[in-house]
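Novice: Here is how the chains run, residue by residue.
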Amino acid sequence: MPSILQALWVWVDVDVLEMMGKPKLGALRWLGFPETSACSHTPSILSHCERKRAVVPPETSWPLNTVQRAAFSISPSHSANPPKKTAKKTTQAKSSKTLRLPKNMRAQTARPPAPGERKAMRKKIVLSNANALEVPGLENLTTESVRDMDRLRELEGQVAGFDGDTVDALRALEAFKPGQGWGLFKRPAALVRRDLVHLGAAMQSARESKSISRGVFFGERGSGKSVLLLQGMATAYLQGFVVLHFPDARPITDAQTAYQPIQTPEGETIYTQPRYIAHVLGNIAAANRGLLDDLRLSKQHQLPIPLQSNISLARLLELGANDPQLAYPIWQAFLSEITAPSQPEKQGQRRPPIFVGMDGVDHIMRMSAYLDTESKSIHAHDLAIARDFLSLLSCKTHLPNGGVIMAATSTSTRPLVPTFDHFLARKHADTYAHKLTTIVDDLLHQAKPSESIRDIGLTDLEELPAASYPQPLAKQVQDLQYRVRCYQDQNASPSSLRKYLSSFTAKLPEWNPYDVKDERVAKVMESGMAVTKVEGLSKDEARSVMEYYARSGMMRGAVTEGLVSERWTLAGCGIVGELEKGLVRARF
Amino acid sequence: MPSAMNSIPIVRTLAFRPRPSSRFRHVTGVKRPAAGICRTFADKSTLPEAKEGVTGPNMEQAEHVSEEAAKVAKITGSEGPDIEGTGTPVQEILAGDAEAKEQAPQVMKDAISAGKGAQNAKPSTGRSFSTMARRRADMTPTMDDSAALPPSMFPTAEQRALYAQEQQPRAPQPVQEEKKGHKFPLPALPLPSNGNKDHRYDPVVEQVTNLMMLHGKKSVAQRNMAVILSTLRTAPPPTYSALRPLLPGAPPASHLPLHPVLYLTLAIDSLAPLLRIRSQRGAAGGGVALQIPVPLGLRQRRRTAFTWMLDAASKKKSRGSGNDQFALRVADEVIAVVEGRSGGWEKRAAVHRLGTTARINLKFGNRAGRR
Numbered sequence: 001m002p003s004i005l006q007a008l009w010v011w012v013d014v015d016v017l018e019m020m021g022k023p024k025l026g027a028l029r030w031l032g033f034p035e036t037s038a039c040s041h042t043p044s045i046l047s048h049c050e051r052k053r054a055v056v057p058p059e060t061s062w063p064l065n066t067v068q069r070a071a072f073s074i075s076p077s078h079s080a081n082p083p084k085k086t087a088k089k090t091t092q093a094k095s096s097k098t099l100r101l102p103k104n105m106r107a108q109t110a111r112p113p114a115p116g117e118r119k120a121m122r123k124k125i126v127l128s129n130a131n132a133l134e135v136p137g138l139e140n141l142t143t144e145s146v147r148d149m150d151r152l153r154e155l156e157g158q159v160a161g162f163d164g165d166t167v168d169a170l171r172a173l174e175a176f177k178p179g180q181g182w183g184l185f186k187r188p189a190a191l192v193r194r195d196l197v198h199l200g201a202a203m204q205s206a207r208e209s210k211s212i213s214r215g216v217f218f219g220e221r222g223s224g225k226s227v228l229l230l231q232g233m234a235t236a237y238l239q240g241f242v243v244l245h246f247p248d249a250r251p252i253t254d255a256q257t258a259y260q261p262i263q264t265p266e267g268e269t270i271y272t273q274p275r276y277i278a279h280v281l282g283n284i285a286a287a288n289r290g291l292l293d294d295l296r297l298s299k300q301h302q303l304p305i306p307l308q309s310n311i312s313l314a315r316l317l318e319l320g321a322n323d324p325q326l327a328y329p330i331w332q333a334f335l336s337e338i339t340a341p342s343q344p345e346k347q348g349q350r351r352p353p354i355f356v357g358m359d360g361v362d363h364i365m366r367m368s369a370y371l372d373t374e375s376k377s378i379h380a381h382d383l384a385i386a387r388d389f390l391s392l393l394s395c396k397t398h399l400p401n402g403g404v405i406m407a408a409t410s411t412s413t414r415p416l417v418p419t420f421d422h423f424l425a426r427k428h429a430d431t432y433a434h435k436l437t438t439i440v441d442d443l444l445h446q447a448k449p450s451e452s453i454r455d456i457g458l459t460d461l462e463e464l465p466a467a468s469y470p471q472p473l474a475k476q477v478q479d480l481q482y483r484v485r486c487y488q489d490q491n492a493s494p495s496s497l498r499k500y501l502s503s504f505t506a507k508l509p510e511w512n513p514y515d516v517k518d519e520r521v522a523k524v525m526e527s528g529m530a531v532t533k534v535e536g537l538s539k540d541e542a543r544s545v546m547e548y549y550a551r552s553g554m555m556r557g558a559v560t561e562g563l564v565s566e567r568w569t570l571a572g573c574g575i576v577g578e579l580e581k582g583l584v585r586a587r588f
Numbered sequence: 001m002p003s004a005m006n007s008i009p010i011v012r013t014l015a016f017r018p019r020p021s022s023r024f025r026h027v028t029g030v031k032r033p034a035a036g037i038c039r040t041f042a043d044k045s046t047l048p049e050a051k052e053g054v055t056g057p058n059m060e061q062a063e064h065v066s067e068e069a070a071k072v073a074k075i076t077g078s079e080g081p082d083i084e085g086t087g088t089p090v091q092e093i094l095a096g097d098a099e100a101k102e103q104a105p106q107v108m109k110d111a112i113s114a115g116k117g118a119q120n121a122k123p124s125t126g127r128s129f130s131t132m133a134r135r136r137a138d139m140t141p142t143m144d145d146s147a148a149l150p151p152s153m154f155p156t157a158e159q160r161a162l163y164a165q166e167q168q169p170r171a172p173q174p175v176q177e178e179k180k181g182h183k184f185p186l187p188a189l190p191l192p193s194n195g196n197k198d199h200r201y202d203p204v205v206e207q208v209t210n211l212m213m214l215h216g217k218k219s220v221a222q223r224n225m226a227v228i229l230s231t232l233r234t235a236p237p238p239t240y241s242a243l244r245p246l247l248p249g250a251p252p253a254s255h256l257p258l259h260p261v262l263y264l265t266l267a268i269d270s271l272a273p274l275l276r277i278r279s280q281r282g283a284a285g286g287g288v289a290l291q292i293p294v295p296l297g298l299r300q301r302r303r304t305a306f307t308w309m310l311d312a313a314s315k316k317k318s319r320g321s322g323n324d325q326f327a328l329r330v331a332d333e334v335i336a337v338v339e340g341r342s343g344g345w346e347k348r349a350a351v352h353r354l355g356t357t358a359r360i361n362l363k364f365g366n367r368a369g370r371r
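Residue numbers (UniProt numbering), protein chains in the order written: chain A, 1 to 588; chain B, 1 to 371.
If you are wondering where the hints come from, they were derived from the structure by calculation, not from laboratory data.
No more than 20 Å apart at the CA atoms, straight line, and that leaves these computed lysine to aspartate or glutamate pairs for EDC-like:
| id | chain 1 | residue 1 | chain 2 | residue 2 |
| --- | --- | --- | --- | --- |
| 1 | B | K101 | B | E67 |
| 2 | A | K123 | B | D324 |
| 3 | B | K44 | A | D479 |
Values in this document were obtained by computation on a predicted structure and should not be read as measured data.
Build out the structure end to end from the sequences listed, making use of the hints.
Specialist: Shown next, in the form of structure tokens:
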């Protein structure tokens, strides 16, 4: 080994330097040695020295003008065996500061997970269990069954599967959620409920008469809102609609994705989320490829990039999906294209009805977690995606070709949204109040002074299941039933009954004036959308579901009336999620 | 919902009873719901309606003897019995009324004539013994006294027919009449083994859950159990190993994923050793411990087996990430046991070998000896 002094004189062969891809000039500088005046002469000397040199010990008496040739070089051995990169040692806790006990030593896994691997594992969707049995006679939701209302009504109360194309489209839209139990059965299937039949009817009328149907679905945790939304998407896909879906509204508002402000033509500042929109555009393109490949642009759009005039909508979406900066302008262009009037006679200008769904809509009915330039919270309605969806939901954006807009709330990740909750409760109570008011009007009509009070038919009123009504309507209905019956028993005059009935108004939940109402949310909710509560299953429906589980082999034992009753009760009067948890995912 | 604030400020609380609301005139037979609770039984439409002029039973009844006598005495001006105080003994009334005495039941006449005995014993205090309790049998009118009762008290044939329909179901027949050895219906045999609340769950699952529990966190252990069973359900069916035979009577491997509890039970019961080795200090001579095999019971066997499986699972490396990693490792270990890949099989073989060689150390006969 040469000494340190001798090492200063080591000359590396130029060929080796070339192999390493380093410049010839300034070789010593690259090696880390400062270039001295002596070294500045190295270029001429290096160009001269093509062959290897060895280090010469300074003790030898060489003439002063002789070039120092190195007597030893490591270059031949290096060129013969190029140094291999050794693997870096995994870093352990500094032993000097931690006591080495078994409990302090963390178990080393085989390899640390790659970036994004943990998230992928968490969000993994498994739709099939090879061990589950094939259920004989499991009908699918097909185009025929969905377009024929009689057949859909026949399917009500039965479990229906989805065919391969539909499953692919739903998977592309991220309709399946990781916490749901799809991975325990042979193939995805879900119960056809009355709410789905109503949705199917709405879609049929949208297709035939270009009507628009807007609804918000709420209910208890596990009551089946997301699965109903999924079934709605499947039905819309089979009907030939363009299906748009925002899988989860929480990432829009929890400040986990990038955002940027833009100015609208009206002078407002709204905030776009380029990556989120790009992701959604990719999903829509993948799910609706068959439909969108045939549709072409009908308008001129001002986009940052030039577009071909005959570009297909699928290609347009792909452009948006690949570049987040283009995502929002392309989203706006796409929205204006699919909400343009249909021109079937022109090639590529047919516009089918659309289905837009959003899961977790309660997250966008409040302030978001983002801050503006003045460090003030941004309202979720100022976020571009939420704004566009809500303009569809509140009918500000007109759909000339018809469509269905469906929003589902999320009860397991519920934020504080008092205004939204109030409107949900009020609209839900209103559906019952409407029925009640019809009955009261009918009674008023019957209670004429000329007729006897005992001739008034009270069966409609008596048959109202007051206990299942929302409060404070339930108590009011019970009171009304009792009092009208009293009037009849006492043989009171019809005019006094009329006086009582005419003063009757259905009591709906009232807003507490001392609470701060979110006016923007109130404005959206007052635009006239339907509000539906997703209730528990009936015992017959629970029985169908249990039979499906048993036939799949996931539930052992016979399905008897007693078991159905017991499980229905334990599931909080038929909540589907609890039923599944108790039967299929049990710990015993 | 809180109502709006009053515009008139309340200066002082006034005590007053509000007039009862007179919105409803009292209607016989119709009950008001109390505080919004509506009772749905005894609706007016289900009650029978009486015809006009018909008096039902228990209407227009004669008053009590003492009260009638007091009224009569008041009208006639004589001194009647004391109503406010104690009830008048019947003897006193009969003593004053000769006609009633003649028509009194024979038993009463005998009692009066006898004058002695417990029935006629007078209490030391002023209050007499209760007539009704003592004389119930005497007071019950016999068939002969039917003429004395007012005719309105008797139900008419129509009323009898009406009320017969609404009579309560017959009381259970006395045992002697039916000639059965039991009064209540017999249970359906055989009784279910999980009928007792302490034994309602599968024993293996319960024991395994408790073994996985740490720091008393049963719910965490139950959650892990659910993940294990789900994993066994969705994992590919195992392949049995010829070198590691499982419990006799094991089903075909393809049956196991659909019956995850059986899968788990099979793994544990197959791996379970039949004995443990007890070391007796110094008994072998020269300070060496003597190895003595001891048989294990069912729960002990299962516990040993699952403890080996838990040890192996905790030393394994996780293949992914998330909350369920421990449960997934345990499930992998269960599959490894059934497929014969587990290290527990070696442990089991070692214990059995040692037990076989140490069986010579077993001494029978010293029942009172040290364990």
